[in-house]
Amino acid sequence: MSCPDWSTLTARRDQDGEGELLWEHALEHLDGCGRCRAVAFAAEPALVFRRLPQLTAGAEEVRDMQRAVASMRRAQPLVVPRSRRRAGRFGALSGAQLRAAAAAVVTVGAALLYGLHDRSVMPETPAAGAPAAGAPAADTALPEALLAADAAAGELRFEIQVLRASSTGTLPSFLRYEDFELLAQASVSSSPGGDVSSPLGDRFTVSFRAGEVQPDGRLRLEGFQIRTRAPAVKGRQLEPQQVVNANLNLWLDRPLTWTLAQDSGAQEALVVAITCRQPSAQRPARR
Amino acid sequence: MSRRDDSDDEMTTSPQERREDAPRRPHLAYSASEHRQRLAEATDRELLRSLREDDEAALDELISRKTAPLLQTVYRVLGDAEEARDIVQVTFFRMWENRDRFDERWSPNTWIYRIATNLAIDQLRARQSRHRYQEPYRLHLQDAADSQSRRDLAGLGEGEVMGIFQELAAELTDKQRTVFLLREIEGLPSKEVAQIAGCRESTVRNHLFNARRILRQALLERYPEYAAQSTGETP
Numbered sequence: 001m002s003c004p005d006w007s008t009l010t011a012r013r014d015q016d017g018e019g020e021l022l023w024e025h026a027l028e029h030l031d032g033c034g035r036c037r038a039v040a041f042a043a044e045p046a047l048v049f050r051r052l053p054q055l056t057a058g059a060e061e062v063r064d065m066q067r068a069v070a071s072m073r074r075a076q077p078l079v080v081p082r083s084r085r086r087a088g089r090f091g092a093l094s095g096a097q098l099r100a101a102a103a104a105v106v107t108v109g110a111a112l113l114y115g116l117h118d119r120s121v122m123p124e125t126p127a128a129g130a131p132a133a134g135a136p137a138a139d140t141a142l143p144e145a146l147l148a149a150d151a152a153a154g155e156l157r158f159e160i161q162v163l164r165a166s167s168t169g170t171l172p173s174f175l176r177y178e179d180f181e182l183l184a185q186a187s188v189s190s191s192p193g194g195d196v197s198s199p200l201g202d203r204f205t206v207s208f209r210a211g212e213v214q215p216d217g218r219l220r221l222e223g224f225q226i227r228t229r230a231p232a233v234k235g236r237q238l239e240p241q242q243v244v245n246a247n248l249n250l251w252l253d254r255p256l257t258w259t260l261a262q263d264s265g266a267q268e269a270l271v272v273a274i275t276c277r278q279p280s281a282q283r284p285a286r287r
Numbered sequence: 001m002s003r004r005d006d007s008d009d010e011m012t013t014s015p016q017e018r019r020e021d022a023p024r025r026p027h028l029a030y031s032a033s034e035h036r037q038r039l040a041e042a043t044d045r046e047l048l049r050s051l052r053e054d055d056e057a058a059l060d061e062l063i064s065r066k067t068a069p070l071l072q073t074v075y076r077v078l079g080d081a082e083e084a085r086d087i088v089q090v091t092f093f094r095m096w097e098n099r100d101r102f103d104e105r106w107s108p109n110t111w112i113y114r115i116a117t118n119l120a121i122d123q124l125r126a127r128q129s130r131h132r133y134q135e136p137y138r139l140h141l142q143d144a145a146d147s148q149s150r151r152d153l154a155g156l157g158e159g160e161v162m163g164i165f166q167e168l169a170a171e172l173t174d175k176q177r178t179v180f181l182l183r184e185i186e187g188l189p190s191k192e193v194a195q196i197a198g199c200r201e202s203t204v205r206n207h208l209f210n211a212r213r214i215l216r217q218a219l220l221e222r223y224p225e226y227a228a229q230s231t232g233e234t235p
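Line by line, the protein sequences are chains A and B.
Counting from 1, position 265 in the first sequence corresponds to residue 265 in the numbering used here; the numbering is continuous, with no gaps.
Counting from 1, position 117 in the second sequence corresponds to residue 117 in the numbering used here; the numbering is continuous, with no gaps.
Treat each hint with caution, since some may be false.
Over 10 Å on every C-beta distance to chain B, these chain A residues come out as not near it, computed from the model [what the hints assert, rightly or not]: (1) S2; (2) E44; (3) Q54; (4) Q185; (5) V213; (6) E239; (7) T275.
Here are the computed lysine to aspartate or glutamate pairs in the DMTMM-like style, where the Cα-Cα straight-line distance is at most 20 Å [said to hold, decoys possible]: (8) B:K175 - A:D14; (9) B:K175 - B:E158; (10) B:K191 - B:D44; (11) B:K191 - A:D14; (12) B:K191 - A:E24; (13) B:K191 - A:E18; (14) B:K191 - A:E20; (15) B:K175 - B:E201; (16) B:K191 - B:E104; (17) B:K191 - B:E171; (18) B:K175 - B:E192; (19) B:K175 - B:D122; (20) B:K175 - B:E160; (21) B:K191 - A:D16; (22) B:K191 - B:D103.
What the hints contain is simulated information worked out from the structure, not anything from laboratory work.
Note that the Cβ used here is the ideal one computed from N, Cα and C, for glycine as well.
Working from the sequences, and respecting the hints, build out all of it.
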């Protein structure tokens, strides 16, 4: 094939199917013709985007993907529903549902995490001087400078909370869930690249591998898993159930909130909130 | 399709063999390895049919076939490899959740790409951070251009191309971006792009025309140093 007339082709390609076909043939020609490059790019500078980078996926990536999707499918019931409520399962979570639902509850969830808390866990008459239930732990009230001095260089601190979210349906247009009950929380530390495995309250365990903090303040958690602890029921030891198993991306100092629900209309959900801080580092700008 | 146990990973036996060896050899009604082999040879459409029968191995086979192309497309939409991996993961999960809803009239690729591109576009909207691609990248490239005497569009590195695309594509609508990437970059047929984007083929051509025009103009305005050097120059 001789070199095409690029000016004519760029004018014709959007007119009809034939022009489109000629353009496709010309692009195939371009891939193997050094002489055409400059002329073609001059006629259509947007051709440069044909060289957008490729993201290759090897066998390991495929296996990771299969495992991650399988864990999403097989997620087990997380919380035994209260008998008065519809017997929904919490485990069938979809990442998109998580993200969508998280957007709906994140405001309320964040308020809860930062000091507001559920009526059901607040003592009616707290003793003078005693911290209210759900109040930040004592060490988080320390000045940041003290925490930074106490932290090993590069050390990462993770705050993980698990909450039960439920709705009474009174304000469905405004709040997806109104009631939040703190089920478990844990503070764990790790160096970048370190493996973490820790109890998460009485009911759960959490484990993951912390990645390196990126220049933009982003951090990847590999194999983030929350499992139920194996309880004994009527003398029989139950198997631990997997609640979450995923690779996560989160930003320093920015809570990542997941809402795990059976479907978008579920009356109950489990909220998992993770915040990572790096006391020894200067706080990166949020994007 | 009846399944007994994934651990029954042996050859199936013929009825004749079973009769002869009945007292000594177990009857294997299902072989996981043979099943996987059949799935490996199945078409995408056959895999989606198996998926509707709750066949988890069919999903694994689809994941192994579609991870690479989906990752590439979603990565190009989002410009972020980690986000792309998350989106592709959710895409496969959505396929599983909605396996009963696959419309036989569609090509399997259309259905899968439609889920993935919709999720990617949702992610793009939610990100609300288009600005982070803009000024820094232009300045970086300006510096790079100053330090090199012979640079043109055709000679840009892939990373630079991605940076420029993410910046300029912020000027496109979601549909224009999707159509441009699927049709012009991934090379999918117009008919398939139309089904993925949920519009007519003529509308695809329209979106493509506008996307090219906007990208071309933005490229010439913001990166004239590259475009000018490429004009009329023989490498």
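Agreement of B:K175 and B:E192 with the hint, judged by alpha carbon distance not exceeding 20 Å: holds (14 Å)
Per the stated criterion, does the least C-beta distance between A:S2 and chain B lie above 10 Å, as a non-interface residue requires? holds (17 Å)
Please verify that the nearest CB of chain B lies beyond 10 Å from A:V213's CB. Nearest chain B Cβ is 14 Å from A:V213, so the label holds.
Keeping to a limit of 20 Å between CA atoms, is the pair of B:K175 and B:E158 held or broken? Not satisfied, since the Cα-Cα distance of roughly 24 Å exceeds 20 Å.
Taking 20 Å as the top limit, are the C-alpha atoms of B:K191 and B:D103 close enough? At roughly 16 Å apart (the allowed maximum being 20 Å), B:D103 and B:K191 satisfy the hint.
For A:T275, is the shortest beta carbon distance to chain B beyond 10 Å? holds (19 Å)
Non-interface claim for A:Q185, where every Cβ of chain B lies beyond 10 Å: Per Cβ check, A:Q185 is outside 10 Å of chain B; nearest 25 Å; holds.
Should the label of A:Q54 as a non-interface residue stand, given a Cβ cut-off of 10 Å to chain B? Since the minimum Cβ distance to chain B is about 6 Å, A:Q54 lies within 10 Å and the statement is violated.
Going straight from one Cα to the other, do B:K191 and A:E20 come out at no more than 20 Å? Given that 20 Å is the threshold and the Cα spacing comes to 12 Å, the pair holds.
Taken at face value, is the distance from the CA of A:D14 to the CA of B:K191 at most 20 Å? Measuring from Cα to Cα gives roughly 14 Å; hence the hint holds.
Would you mind confirming whether the straight-line C-alpha gap from B:K175 to B:E201 stays at or under 20 Å? holds (13 Å)
Would the hint linking B:K191 and A:E18 be met if the CA-CA limit is 20 Å? Holds, because 14 Å separates the two Cα atoms, which is no more than 20 Å.
Going down the numbered hints, you'll see the structure goes against 2, 3, 9, 17 and 20, while the others check out.
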